[in-house]
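Undergrad: The residues making up each chain are set out below.
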Amino acid sequence: MSKQRDYENIPGTYVYDAERGRIGYALNMFCMSLNKAENRDSFRDNEAAYLDRFPVTTEQRRTVLARDWLGMLRVGGNIYYTIKIAFCDGLTFQDVAGKMSGMSKEAYAQMMLAGGRSPDGNRYLDPTATETPHG
Amino acid sequence: MARIVAGIATSHVPAIGVAMDKGTSSNPYWQPLFEGYKPAQKWLAELAPDVAIIVYNDHASAFSLALIPTFLIGVAAKFPIADEGFGPRPVPAVIGHPELAWHLAESLILDEFDMTIANEMPVDHGLTVPLTVTCGAPAAWPFPVIPLCVNVVQYPPPTGARCYKLGQAIRRAIDAFDEDLRVVIYGTGGMSHQLQGERAGLINRQFDTAFLDGLTKDPVALTKITHTEYMREAGSEGVEMVMWHVMRGALDDQVTEVYRHYHVPASNTAAGLILLENRSPA
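Heads up: the protein sequence lines correspond to chains A and B, in order. Just so it is clear: in the first sequence, position 61 is 1263 by the working numbering, and no numbers are missing. Just so it is clear: in the second sequence, position 52 is 53 by the working numbering, and no numbers are missing.
If you're looking for bench data, these hints aren't it; they were derived computationally from the structure. Be a bit skeptical, because a hint or two may be false.
[Unchecked claim] Among chain B residues calculated to face chain A with C-beta under 8 Å, some are: (1) Leu-68; (2) Thr-71; (3) Gly-86; (4) His-104; (5) Ser-108; (6) Glu-199; (7) Arg-200; (8) Met-232; (9) Arg-233; (10) Glu-234; (11) His-264; (12) Val-265.
No residue lacks a Cβ here, since even glycine has one placed at the ideal position from N, Cα and C.
Whenever a hint applies, use it, and build me the whole structure from the sequences.
TA: Below you can see the structure in the form of C-alpha cells.
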C-alpha cells in the first residue's frame, strides 16, 4: 500500500481495505456464488471441481478446502463472504469466530456470555503503545 | 406535509432473526434480549407511522464486490427477501413506498448526495432484523419501508459526519414532501462487535454506553469518531455504527430518549436499541 494505515496496529484484525479488495476479489466472488441453492449443492458435491470455476489462487483454494478461516482472511477473504462457506457447512458466525480466535466452541461461547472479549490489552499490537480508552 | 416523528437505532444481528424464525426467542439465551424489545414494539405500534426509512448495510446479498454503492436508495414497490447463503428468512416481503422514495432520490441528489437508485433488489437481515426487533412476527409488515443502504463492507465506509449530513438532507426532503405522512427513520447495525480475526468477540460496553448517551446529548461530537477508533474500540464491525448517524441527523437537534435496551451477547455482538422522539410537536 502507498502509506501506513493507522488501523494496521489493531491486533487480530483484517480490515477489508483496498489492498485486500484487490487480492481477495475472486475468492469473495466464489463465496458470493453460494447465495444460490443450486451452487451450494454443486459445491458440496465436489468442492474442488466447483472451485475450478473461479480464478482463485492456489493458496486461496487451499484455505477454502482446509476451512482455514484465518488463512482466508490473510489472502483477501472478507468475513461477510467467507461466512457463506460456513453456512454451507452448517456452522454459525459464533462457531467460526471461535475457530478464528483459537478457542474451543465452549470457551468462546462462555467468553461471550461473560461479556465478550475486553478491549483492554487488545487495542494495539505493540503493548507499550498508549491505551486511549474512549470516554 | 410529511414529517419525521421519531428515530430508532438497533443492532441487526442475523442470529436474532434466526432465533425468531426458529421459535427459540423465549429460551434462556434469547429471552432477556427479546423481553427488552417488547416496550419498543408497543411504542411503535402506538406511534403507527405511515412509512419507515431503514438505513442498513447489505451483507453480500443484493450487492457483491462487483458493484459497491456507498449510498443507495430502493425505489421499488416491493423488495423480496434475500437468500444470504442459508435460504431466505421466512418473513413477509417488504413493501416499498415508490412515491416518497423517488422524491427522496431526486431531492438528495439535487442536495449534493449522489445516491445510487435501485429499482430491483432483495433485502437481507440488515433490514429485516430491525423490523423483527420492532414489529415482532406479523403476517405482513405494518408499514411500507424505504431501504437506504450504506456500504460498510468494503473499507472505507462513508464517515460518520457524512452520514449525519445525509440524515439532515433526508430531513429537508421529507419536510418538502406534500403528502401528510408520519415517517420514522431507523439507523441499524452495531453496537460493538468483531466477527473476524484473532480478536473476534470484542465487546466494549463502556464505548457503547457513551455512544447511546451521546445520541441525545451531543450527536455532533459522535460524528467525529474516526473509522480507526470505531474498529479499535468497538471492533472491526462496530464501524457499522456510522449508520446510526444518518438516523440522528434526520431528527431535531433536541430529542427525547424514550427507551433504550442493551444486552450482551447476541451471538458475537452487543445488541443495542434506542428510541428517540423529536421534541417539536409531532
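Undergrad: Could you run down the list of hints and mark each one as holding or not?
TA: Against the structure, the hints come out as follows:
1. Here the hint on B/Leu-68 is broken, as its CB sits about 12 Å from the closest CB of chain A, past 8 Å.
2. The interface hint given for B/Thr-71 is violated, since its Cβ lies 14 Å from the closest Cβ of chain A, which is over the 8 Å cut-off.
3. Interface restraint check: B/Gly-86 against chain A, minimum CB-CB distance 4 Å, threshold 8 Å, status holds.
4. Hint status for B/His-104 relative to chain A: violated, with the closest Cβ pair at about 31 Å, above 8 Å.
5. A cut of 8 Å between beta carbons decides the hint on B/Ser-108: the least distance to chain A is about 31 Å, and the hint is violated.
6. A cut of 8 Å between beta carbons decides the hint on B/Glu-199: the least distance to chain A is about 3 Å, and the hint holds.
7. With its C-beta approaching chain A no nearer than about 3 Å, B/Arg-200 sits inside the 8 Å limit, and its interface hint holds.
8. For B/Met-232, the interface hint holds, since its Cβ comes within 8 Å of a Cβ in chain A; the closest pair sits about 5 Å apart.
9. Among the interface hints, the one on B/Arg-233 holds; its C-beta lies about 5 Å from the nearest C-beta in chain A, closer than the 8 Å criterion.
10. Because the smallest distance between the Cβ of B/Glu-234 and any Cβ of chain A comes to about 5 Å, under 8 Å, the interface hint for this residue holds.
11. Annotation: interface hint on B/His-264 violated; nearest CB of chain A at approximately 11 Å, more than 8 Å.
12. The beta carbon of B/Val-265 comes within 6 Å of a beta carbon in chain A, closer than 8 Å, and the hint placing it at the interface holds.
Taken one by one, the earlier hints fail for this structure at numbers 1, 2, 4, 5, 11, listed in ascending order.
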